[in-house]
Each structure stands twice: as C-alpha cells, then as structure tokens.
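Chemist: Order-wise, the sequence lines are chains A and B. Position 62 (the first sequence) corresponds to 62 in the UniProt record's numbering; numbering is contiguous. Position 59 (the second sequence) corresponds to 59 in the UniProt record's numbering; numbering is contiguous.
Treat the hints with caution; some may be incorrect.
Said to hold, decoys possible - Derived EDC-like pairs: lysine to aspartate or glutamate, alpha-carbon spacing no greater than 16 Å straight-line: (1) B:Lys76 <-> B:Glu57; (2) A:Lys62 <-> B:Asp43; (3) B:Lys76 <-> A:Asp37; (4) B:Lys76 <-> A:Glu36; (5) B:Lys5 <-> A:Glu73; (6) B:Lys5 <-> B:Asp43; (7) A:Lys393 <-> A:Asp322; (8) A:Lys156 <-> A:Asp210; (9) A:Lys119 <-> A:Asp131; (10) A:Lys156 <-> A:Glu73; (11) A:Lys62 <-> A:Glu36; (12) A:Lys284 <-> A:Asp220.
Unchecked claim - One-sided and incomplete, this derived list gives chain B residues near chain A with beta-carbon spacing under 7 Å: (13) Tyr28; (14) Asp43; (15) Thr45.
Think of the hints as simulated: they come from the structure by calculation, not from any bench. For clarity, every value in this text was computed on a predicted model and none was experimentally measured. The beta carbon of each residue, even a glycine, is placed where N, CA and C say it ideally should be.
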Amino acid sequence: MTVSDGQDELEAQFAQWRHYAGRRPELRQTDVAELEDHLRGSVDELIAVGLSPDEAFLVAVKRMGGLDELAREFAREHSERLWKQLVLTGDGDGPAADGHRRALLAVVLCAAGAAASVKLPGLFGLDLYQDGGFYLRNLSLFALPWLAALLAWRRKAGPALVATLAALFALGAVAANVYPLADDSQSAVLTGIHVPIALWLVIGLAYAADDVRSSRRHMDFIRFTGELLVYLALIACGGGVLILMISGTFKAIGIAPGEFIGQWLVPCGGVAAVVVAGWLVEAKQSVVENMAPVLARLFTPLFTAVLLAFIVAFGWSGTGIDVDRTALILFNVVLVVVLGLLLYSFSARDPEAPPGLFEKLQLALVVSALVIDVLVLLAITGRITEYGTSPNKAAALGENVILLANLVWSAWLLLGFVRRRTTFAALERWQTGYLPVYAAWAWIVALVFPPLFGYL
Amino acid sequence: MKVTKDLVAASATPIVLGILAEGQSYGYAILRRIGELSGGQLDWTEGLLYPLLHRLERLGHVESSWQAVAGERRRKYYRITDSGLAELAEQRRQWDTVVEALRKVWLGPGEVRVPTALTMFPSGGTA
Numbered sequence: 001m002t003v004s005d006g007q008d009e010l011e012a013q014f015a016q017w018r019h020y021a022g023r024r025p026e027l028r029q030t031d032v033a034e035l036e037d038h039l040r041g042s043v044d045e046l047i048a049v050g051l052s053p054d055e056a057f058l059v060a061v062k063r064m065g066g067l068d069e070l071a072r073e074f075a076r077e078h079s080e081r082l083w084k085q086l087v088l089t090g091d092g093d094g095p096a097a098d099g100h101r102r103a104l105l106a107v108v109l110c111a112a113g114a115a116a117s118v119k120l121p122g123l124f125g126l127d128l129y130q131d132g133g134f135y136l137r138n139l140s141l142f143a144l145p146w147l148a149a150l151l152a153w154r155r156k157a158g159p160a161l162v163a164t165l166a167a168l169f170a171l172g173a174v175a176a177n178v179y180p181l182a183d184d185s186q187s188a189v190l191t192g193i194h195v196p197i198a199l200w201l202v203i204g205l206a207y208a209a210d211d212v213r214s215s216r217r218h219m220d221f222i223r224f225t226g227e228l229l230v231y232l233a234l235i236a237c238g239g240g241v242l243i244l245m246i247s248g249t250f251k252a253i254g255i256a257p258g259e260f261i262g263q264w265l266v267p268c269g270g271v272a273a274v275v276v277a278g279w280l281v282e283a284k285q286s287v288v289e290n291m292a293p294v295l296a297r298l299f300t301p302l303f304t305a306v307l308l309a310f311i312v313a314f315g316w317s318g319t320g321i322d323v324d325r326t327a328l329i330l331f332n333v334v335l336v337v338v339l340g341l342l343l344y345s346f347s348a349r350d351p352e353a354p355p356g357l358f359e360k361l362q363l364a365l366v367v368s369a370l371v372i373d374v375l376v377l378l379a380i381t382g383r384i385t386e387y388g389t390s391p392n393k394a395a396a397l398g399e400n401v402i403l404l405a406n407l408v409w410s411a412w413l414l415l416g417f418v419r420r421r422t423t424f425a426a427l428e429r430w431q432t433g434y435l436p437v438y439a440a441w442a443w444i445v446a447l448v449f450p451p452l453f454g455y456l
Numbered sequence: 001m002k003v004t005k006d007l008v009a010a011s012a013t014p015i016v017l018g019i020l021a022e023g024q025s026y027g028y029a030i031l032r033r034i035g036e037l038s039g040g041q042l043d044w045t046e047g048l049l050y051p052l053l054h055r056l057e058r059l060g061h062v063e064s065s066w067q068a069v070a071g072e073r074r075r076k077y078y079r080i081t082d083s084g085l086a087e088l089a090e091q092r093r094q095w096d097t098v099v100e101a102l103r104k105v106w107l108g109p110g111e112v113r114v115p116t117a118l119t120m121f122p123s124g125g126t127a
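If we strip away everything but chain B, and leave its shape as in the complex, we get:
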C-alpha cells in the first residue's frame, strides 16, 4: 500500500518540520528519515522535498546554511526556527483534531454503532 499523493502533500509540512525539530539535517537525510518513519510507505520525491524546504525557508520556519561537518561533504543544512516550532505546534493541533475525528468514525473491532440513520428515518430513507 502506498499513501496517496494528496495525503503525502497534506502531511509534508508537519513531517519535515517534525524531523527538523529532532535536529538540523539536509535534504538527502530528511528523505531517508521519512522513508524510515513510514516504513517506505510515504512516496516522497525530490521535486516535493526541495521546493517545500525552500518555501519553509521563505516563510521563516527554517534556516539554511552551507556547512562542512567533519569527514563529510559540504552540504546545505536546514534548522528549524522558533516560528517553525510554533507552526509545528499549530499543525499538530490541527492534525490531532483530524485524527481524533477519524478515530471516532472508524470504530474498533467488535464495537457496534447505533444505526442512527434508520431510527431517524424509519420510512427507509438513508439521506
């Protein structure tokens, strides 16, 4: 199963901000971390990641700098800013709401839902 494009796009910002909240990172490592986190189910492309990083930078949620970490190539690292942390918290609140709503709709196994539609419209209408 692969996650659909729409969902990938919708979850892109909180995932990237969340990863950067763990510590500064660079493009390739971020993409690998996403693969790790989702067990390879989230299908991210470079065309999604880099423009998103640039947008977040423009919005002030992340900062970038070219750095050479010991023993590594010089590369562009991204670091989350305070505004990015605030954005992450906000996104998290929104996602919590969505997830909670979904949980209530998707009942666990064995639970029985009262067929409200039928009791409200005994004549058989399901609208």
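In isolation and in its complexed conformation, chain A is listed as follows:
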C-alpha cells in the first residue's frame, strides 16, 4: 500500500464521517466542518507518532467520543435548533434546505388541494348545509387522498402502489355516493363512519409505501395515527381561537363574518388541517418525545379504573344494557379507546424490556374490556333474536365480534408475557397483523350493507 493510497482511503473516511455527522439535526454544516478540522488535527498528530492513517482515523474518531453524546451537548447549547426542524425554511445552505423547500411546497399544494376539493361540489350546486348528508359521507374523500398523495410522494411510492391507492380511493367514492340512501337512514350514518375507517387504512398503505409488509412500519403507522390525532386536536383548538377572534373583531366594525367562517374557514381549514397535521408528524418525528404513547400511559390506569367501576356497578344494579343507537356507538367507542391505549403503550415500549407492573395493569384493562364486550354482545344478540336485525345492530355485532377476537387473543398474549412465557414481539405482531381485519370489515359495511339491508 502506497502512502497516497492511504490518503485516498482517509479522505473517503472523512467524507463518510461528514455525511454521517451532517445528518444530525443538532449539527449545522459549519459545526460539522469545525469538528472535521478537529478530527483532522487529531489524525495528523497520531500519524506523526507513527500510526497508519487507518488506525489514526479510528483512534481519533473514538477519542472524539460518540457522535450521539457530542450532538447531545450541542443540543443542550443550541436547543433552538431542534425547534428549527419545525420551522418552514431550512438553514439556507446546502441541499437540505432545497429539500425543505420542496417538502413545504408539496405540503402547501396538498393542503390547498384538499381545501379546493371541499369547495368543488359547491360549483355543482351542492350546499354545505342543505346537502349536509353528502358532505358528511364524503368528508374523508376531501382530505385523505391528499394526505395519501403527500405520504406517497415522500416515500417515493412506485407506480403500482400509486395505482392501488387511486383505485381504493375511487372505491371509497363509489361506496359513499352510488347507493340511493336517505340522509337520515341508518346506512347513511354507517357509511359516514366506515368509509373514513376504510380509507384511513388506505393511508396506512401509503404510509408504509417503502415496506408494505413490515410489521415495524405498521406499528409506525399506528404511532403516526395517534400523533396525528394529537396534532389535529391542537390545530382545532387554535382554529377555535381564530374563529372567536375573527367573529369578535369583525362584528365590532359592523361586518358579520358568519358566512365566511361557515362556508370557507371551517370546511377548507378542517380538511387542510388533516394534511398539515400529517406533515407535522412526519417533520418532527425524531425530534420531540412522542406524545400519543405518553397520553396512553397516563390514561391506561384511569380507564382501567372506570371500566372496573362500570362492571361492578353493572353487577350491582342488575339491569341490562340499553341497546339503542347511541349506547351501541358509545360502547364501541370505549372498546376502540381501550384498543388504542393498548396500541399506543405498545408503540412507546422498549420491546426488550421485561414485563412490569404496567403490563399487569394493561391485562386488567383488556380483561375488563373483554367482560364489557361480552355483555354488549349478549345484549345485541338478544335484541336481534327478539326484534330482528337492522344495519346498525349488524354492524355493531360485527365490530364487537372483531374486537372480542382481538381482545381475547391480546389478553392471552399479555398473560403469557406477564408470566414470561411469550415475547412482547408476539403481541406487537398480533396487533399489527390485525389491521387488515378492520379494513376488511369497514369495506364490507360500506359496500355490502346498504344493498344487503335494502338501503334502510
């Protein structure tokens, strides 16, 4: 090996190090250059005392300490840089800034597209308030395709996947619009609930575009969903404040902004917010501690207490569950929330960590949810045998059966995990593998139920 060979190799190693260090959000280009100069000084000195370039580089990098630790120190000094990730422009230098601008442009385009699509039916004479049923059924079709487009663009999805996404959204549009449903029919409400669920899982497809089958990506998508809901809630709060201010200040000068707020701000802002929230989750991913899992940890004990209290009260009072529409929906919501809590605490968990008190608490939560699910199922089947079936009851029955299956197996796996018989990964795989079941059921309710029940 000649000396110049060693030099070339060394330069390649520096280039690699530069690339690696440059990806850290805590370090700017100038910091990386400064640290590289330091590294070079260290390498020169080591070569001078007789080490080979290769050895010198290794020792110098090792001496510099882990990049993680270094970056942490930089982060402590420059805490504002972590927030910068959220800021709309980049550092203003290098290709990263260019990428930032392109990403921002894509977000703005998609958000504007969503806002425009919610106003589009207005051109054909459909009024937001007089034709509320139409807008309700199609709500997810205004926002979600744009979010999917943004995600697919970010993931550089292949043409086959893009075609699949487009086909599924088209199917969603068919489900929402082709059936002759009265606005106040049970099927219309069911469609309004199930089309968004089905399409949300299409978003999952776009989200996992780079690796559709990976269960880690599915878990990431679950995490993404939770974070997005947190962001949406925050944006909605901000939007509420904005509306209050607009209506207050404009009324004070004699202009009534109600028309603008109702026809433009709320619908356009609402659908655009979904796209923006999705982008925010993507943009700040690695920066701030994930919020949804933290909330899940916080609320798991509280929900466990409430469910146990409900079961005790149910046993005490001896009355049955009143199976009207709102009660059914409420119970399903409770079970879905339980599942959500379970999923989000999973997604925040270190898969290697041994079972602890929290997992026992989760087991208690799942078992109490299971008891409630059985009670609801008994009530529904009782009503169906007595009064015959309806779209609502059939949909609720199906959902409760699906949730029951999930909860039973989750409880079993959790029990095994607490007793150290099964691994945590098995639980995670079960949950992520179950996602298509929800999607399938949502499509069935949206596509098959209306004709099945005679458009009731």
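Fit chain B to the known structure of chain A by using the hints.
Modeler: Okay, now just chain B, sitting in the frame of chain A:
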C-alpha cells in the same frame, strides 16, 4: 489523579477565555493547550469545548471567523473580545476569592490550628 467533572465544568469558561487572551486560536489547539497547561489532568472533551465556544460567542465574549493561515487548512479561529476580557477579569476575581478561601482552610505543613470547636463547646459537641 483526574480532576472531577464538576470542577472541569466550573473552570471551563475562565480557562478558555484565558487561553484566548494569549492570542486567537482554534478548537483543536485550545484543547491541546489545556492538556499542556494541566499536564493532562484536565479531562476535556469536544462535547464540552465546542458548545462552550459557541455559547461564549453568543454571549459576545469571543468572535469567530474562518481563516486560512499560511500553510494550514482553513479553520475556524476564535478571538477574545473586550467583553470577553472583562468577563475574564470578573471570573478571575471570583476564582481568587475561592482560591484564597481554600488556602486559609488548607493550612500548610507544620502549622497548627487552634481547635476552636472544642474550646467553644467543652462539653464535647462538635457541631
């Protein structure tokens, strides 16, 4: 013997300002100078030095510029400012106070301290 982390952190600012008061310098040279000054006893890392230099720059105590000194690579040099010199003087006053206090507590060999505690509390209490 290595100097503890807390002491290294506490003395970091006056040492860096003191070194820069000798003349402008860059990161690697500063770190080497610290090693020289302390006979290798002060355990400084890059994670301590660079963020500190950036903080001092933000506070206006030092200025930085990318320069190419003849025959050397282009690198980022730091220079102490007037405000940095004032800060150094202030830090020096504080350290003098600390060092003086320590000197009074740590008596030299052969010196005898009057056991004040015992004369004040003859009953044996040492509090």
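Chemist: Would you mind marking each hint as holding or not holding in the structure?
Modeler: Hints, verified against the model:
Distance restraint check for Lys76 (chain B) and Glu57 (chain B): the Cα-Cα separation of roughly 12 Å lies within the 16 Å cut-off, and the hinted pair is therefore satisfied. For the hint linking Lys62 (chain A) to Asp43 (chain B), the alpha-carbon distance of about 15 Å falls within 16 Å, and the restraint holds. Pair hint Lys76 (chain B) plus Asp37 (chain A) holds up; C-alpha atoms about 9 Å apart against a cutoff of 16 Å. Restraint check: the Cα-Cα separation between Lys76 (chain B) and Glu36 (chain A) comes to about 11 Å, which is no more than 16 Å; the hinted pair holds.
In summary, the hint linking Lys5 (chain B) to Glu73 (chain A) is supported, as the alpha carbons are separated by about 14 Å, within the 16 Å threshold. This hinted pair checks out: Lys5 (chain B) and Asp43 (chain B) have alpha carbons roughly 8 Å apart, not beyond 16 Å. For a cut-off of 16 Å, the pair hint linking Lys393 (chain A) to Asp322 (chain A) stands: about 13 Å separates their Cα positions. Of the supplied pair hints, the one linking Lys156 (chain A) and Asp210 (chain A) holds, its CA atoms being roughly 8 Å apart against a limit of 16 Å.
Between the alpha carbons of Lys119 (chain A) and Asp131 (chain A) the distance comes to roughly 13 Å, so the proposed pair stays at or under 16 Å and holds. The straight-line distance between the Cα atoms of Lys156 (chain A) and Glu73 (chain A) is roughly 34 Å, outside the 16 Å bound, and the hint therefore fails. A threshold of 16 Å between alpha carbons decides the hint, and for Lys62 (chain A) with Glu36 (chain A) the separation of about 13 Å falls inside it, so the pair holds. Restraint check for Lys284 (chain A) and Asp220 (chain A): satisfied, since their Cα atoms lie roughly 14 Å apart, inside the 16 Å limit.
Because the closest C-beta pair between Tyr28 (chain B) and chain A is about 4 Å apart, less than 7 Å, the hint holds. A least Cβ separation of about 11 Å between Asp43 (chain B) and chain A goes past the 7 Å threshold, and the interface hint is therefore violated. Evaluation of the Thr45 (chain B) hint against chain A yields a held restraint, the C-beta minimum of about 5 Å falling below 7 Å.
Consistency note: the structure conflicts with the earlier hints numbered 10 and 14.
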